[in-house]
Amino acid sequence: MAEHIVASTPVVADPTPFTLPETQRRVLRWTLYVGYAALTAGIFHGLAQALSYAGIDILGYFPALRSYYQGLTAHGVANAIIFTFSFANAFLPLMVARALSRRLDDRLLWASFGTLVLGNLLVIYAVVTNKASVLYTSYAPLQAHWTYYVGLVFVVISTWLALLNMLLTWRGWKRENPGVRMPLLAHISIVSYVMWFLASLPIAVEFLFFLIPWSFGWVERTDPLLTRTLFWFTGHAIVYAWLLPAYVSWYALVPRQAGGKVISDSLTRLVFILFLLLSIPTGFHHQYTDPGIHEGFKFVHAILTFGVFFPSLITAFSVMASLEMGGRAHGGRGLLGWIPKLPWGDPSLSAQLLAMITFVFGGITGLINASFTMNQVIHNTTWVPGHFHMTVGSAVAMTFMGVAYWMVPYLTGRKLWGRKVALASNWIYTIGVLIFARGMASAGLEGMPRRTFLVQAPYMDPDWLVGRILTGVGGTLMFVGIALFFVVIVMTIWKGKAGEAPKDIPWSETLIEPAKNGWATRLDRIGFWVIVAIILIVIAYGPFFLSYLPPNYVSPGFRIY
Amino acid sequence: MKVHTYERAFMILGGVLLVLCMAALVYATVALGIHLPGRAGEIEPAKVFTTPPFDNPGVHQTGPNQYDVVIIGQAWRFHPSEIRVPVGAELNFIATTFDVIHGFHIEGTRVNMMLIPGQISRLTYRFREPGEYLIICHEYCGAGHHNMYGKIIVE
Ligand code: HEM
Ligand SMILES: [Cu+2]
Ligand SMILES: [Cu+2]
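Chains D and R, in that order, are what the protein sequence lines are. Going by this note's numbering, the first sequence opens with residue 1, and the numbers climb by one from there. Going by this note's numbering, the second sequence opens with residue 1, and the numbers climb by one from there.
Careful, some of the hints might be misleading.
Between beta-carbon pairs, the in silico distance windows are [unchecked claim]:
#1 D:Pro63 <-> R:Glu129: 44 to 50 Å
#2 D:Leu336 <-> R:Leu32: 39 to 45 Å
#3 D:Val532 <-> R:Thr51: 42 to 48 Å
#4 D:Pro458 <-> R:Arg126: 24 to 30 Å
#5 R:Lys2 <-> D:Lys495: 27 to 33 Å
#6 D:His330 <-> R:Val16: 20 to 26 Å
#7 R:Leu13 <-> D:Phe528: 29 to 35 Å
#8 D:Arg525 <-> R:Thr5: 27 to 33 Å
#9 D:Lys415 <-> R:Thr109: 53 to 59 Å
#10 R:His79 <-> D:Leu118: 41 to 47 Å
#11 D:Gly172 <-> R:Val19: 26 to 32 Å
#12 D:Arg525 <-> R:Glu129: 29 to 35 Å
#13 R:Leu32 <-> D:Arg171: 21 to 27 Å
Hints listed in this document are in silico derivations from the structure and should not be mistaken for laboratory results. Please read these numbers as outputs of a predicted model, since none were measured by experiment. C-beta atoms are modelled at their ideal positions from N, C-alpha and C, and glycine is treated no differently.
Please build the complete structure, drawing on both the sequences and the hints.
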């Protein structure tokens, strides 16, 4: 790679240090803490689930819990929704503010934090009182208390407010910098949440027009297939909303941490625009085995799903090339000699490198899920949680933990406490998740069902045994890994040495600098790409809705949990 | 846009790989006849037990080596919960649910469908090996979900 050195451009507008006012840093900090608290709360039942598959019932030690499924709801909501979006609500606006060296809007910052907290309180109430043990997918006609749906709507609104804040900051910057291209870091951060905004509209329709009126009793019946389809209309793109903030870090920050550079400005922007276009029109791949949806529609979504794999392939190469640059800058030689030379002793980098390794397996298993022939074998077996603990459960989660190792010090002004503990946490979690996923995946191939309190099931297949043991062992290690992470963060906030924190975010420079003219500059026209995305969505979903509507209101609510 | 030669090669290779995956899917659908459940009719959940063919769940011969297997899911059991079918016969599974969403998976096979209130699920399959297989409800359906299973005996 190294022969291509051109004049470098920082991925931020102003390379001299810029920091947000303390009042704004405080809000971002607390938004982040909500996320890490949710992560930690979620893993207790994660452990109980893994052990249940291994044949060990520890639910008795959770006296407040009415059932396994109440705990599973808490695990899914806390870890997949609250943790991820709290992180993104803090991280992405911070990236935009720093990229543009411009402060955020105070009122929007507070409003976003306030709605997040309010949403959390409502959801916690519903889940803790066992009024919402419907799992995070909220499939009707299982019906939750209205506080659960309304709480989740508030969480989504908090993400919209965070996006609005970024957009206003960008607009202000544009006015003062006419004709200047938006810096890379701002572009990819904003595109990430623009994609999510578009993706979140179907679930907003599902909750506001179907589930909420139904949970209040204003309408008696609902349509299970239509609401489920609206859920997955958002539900595939939601996984990219979790992933893209991690990609922002991998593209724009990790190269610096590794001692390398972003390979190409234009290619990076292109990747994020491709995600904006392709993340949403793929939701039927979660409904391959559903009745009521024509096979042809499913086929279209399968093709687009393979399409959305493409920008991730580019990412694999680009990020790896940045890392190679870094490893060679540290004296690595030979084909692979640069790998051990990377600064593995930096817990923030090591967490993200390990996250990338698990993501290779996450990606491969994802391709298998997308192939509908294979999907019929593994749908709703433990193969699926095996897969997504290597994507959201580690590629994303470990990146968000890795980012915490610089971001919490950066926002608090305190030095990271316990670098070695943090390193141990990374490795223990990675080894754990690989063992866990191996167990879940192999037993899943043999038909072991997910979302099942297996330790109390009246059936059992001896072929699952090895997979079940690995699940239990791996899950326990994962629990230890995140528990250590929590200790590091709490101790940093509480005991970290004041004044020894990083003064700036680890932004990188780019090797191939931003295009000055040509089509690549059009990647900045986010509004235009949103329209293209909408056209694709209409092509992918229009025929289904045209042939299906009006809704088939057949189901009253069931609260059998 | 400037793209490094190696990266360009990688992108092309990756693209070709994805196209090959898609080609394999087309082959599986067209040549091997592996199909997904599709639109197979609607039904009112509350009247499932009195609407044909679900008023008579079970195995019914429809041709020389052809059977309909009619199944209803209800929290937390299948009707019928034990099924006997001949090995090698063409089995047309026709299933639906009386209450909430259930799953219908015969372990180790591609007989894997969701039972969604208001919809009829259909899938065709032939067992090549005799034996006893578990039928598992693999979608969460309430407090007793893990008790919902059945058995299919292929002889
Ligand atoms: C200590 C660490 C963890 C352990 C031991 C663990 C274990 C498990 C197990 C065994 C299941 C399957 C339960 C079942 O299907 O019955 C599960 C489901 C799930 N996990 Fe984790 N997990 C952990 C961390 C995480 C993290 C960090 C995330 C995401 C950021 C995550 C997201 C999920 C989701 C979304 C589900 C699906 C819930 C559902 O089916 O409704 N988990 N977890
Ligand atoms: Cu998906
Ligand atoms: Cu069930």
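Evaluation of the provided hints:
1. D:Pro63 <-> R:Glu129: 44 to 50 Å: holds (47 Å)
2. D:Leu336 <-> R:Leu32: 39 to 45 Å: holds (40 Å)
3. D:Val532 <-> R:Thr51: 42 to 48 Å: At 45 Å between Cβs, range holds.
4. D:Pro458 <-> R:Arg126: 24 to 30 Å: holds (28 Å)
5. R:Lys2 <-> D:Lys495: 27 to 33 Å: This hint is violated: roughly 48 Å between Cβ atoms.
6. D:His330 <-> R:Val16: 20 to 26 Å: violated (34 Å)
7. R:Leu13 <-> D:Phe528: 29 to 35 Å: For Phe528 of chain D against Leu13 of chain R, whose Cβ atoms are near 30 Å apart, the range 29 to 35 Å holds.
8. D:Arg525 <-> R:Thr5: 27 to 33 Å: holds (29 Å)
9. D:Lys415 <-> R:Thr109: 53 to 59 Å: holds (57 Å)
10. R:His79 <-> D:Leu118: 41 to 47 Å: holds (45 Å)
11. D:Gly172 <-> R:Val19: 26 to 32 Å: Violated - the Cβ-Cβ distance for Gly172 of chain D and Val19 of chain R, about 44 Å, lies outside 26 to 32 Å.
12. D:Arg525 <-> R:Glu129: 29 to 35 Å: Hint violated: Cβ distance 58 Å, outside 29 to 35 Å.
13. R:Leu32 <-> D:Arg171: 21 to 27 Å: About 54 Å separates the Cβ atoms of Leu32 of chain R and Arg171 of chain D, which means 21 to 27 Å is violated.
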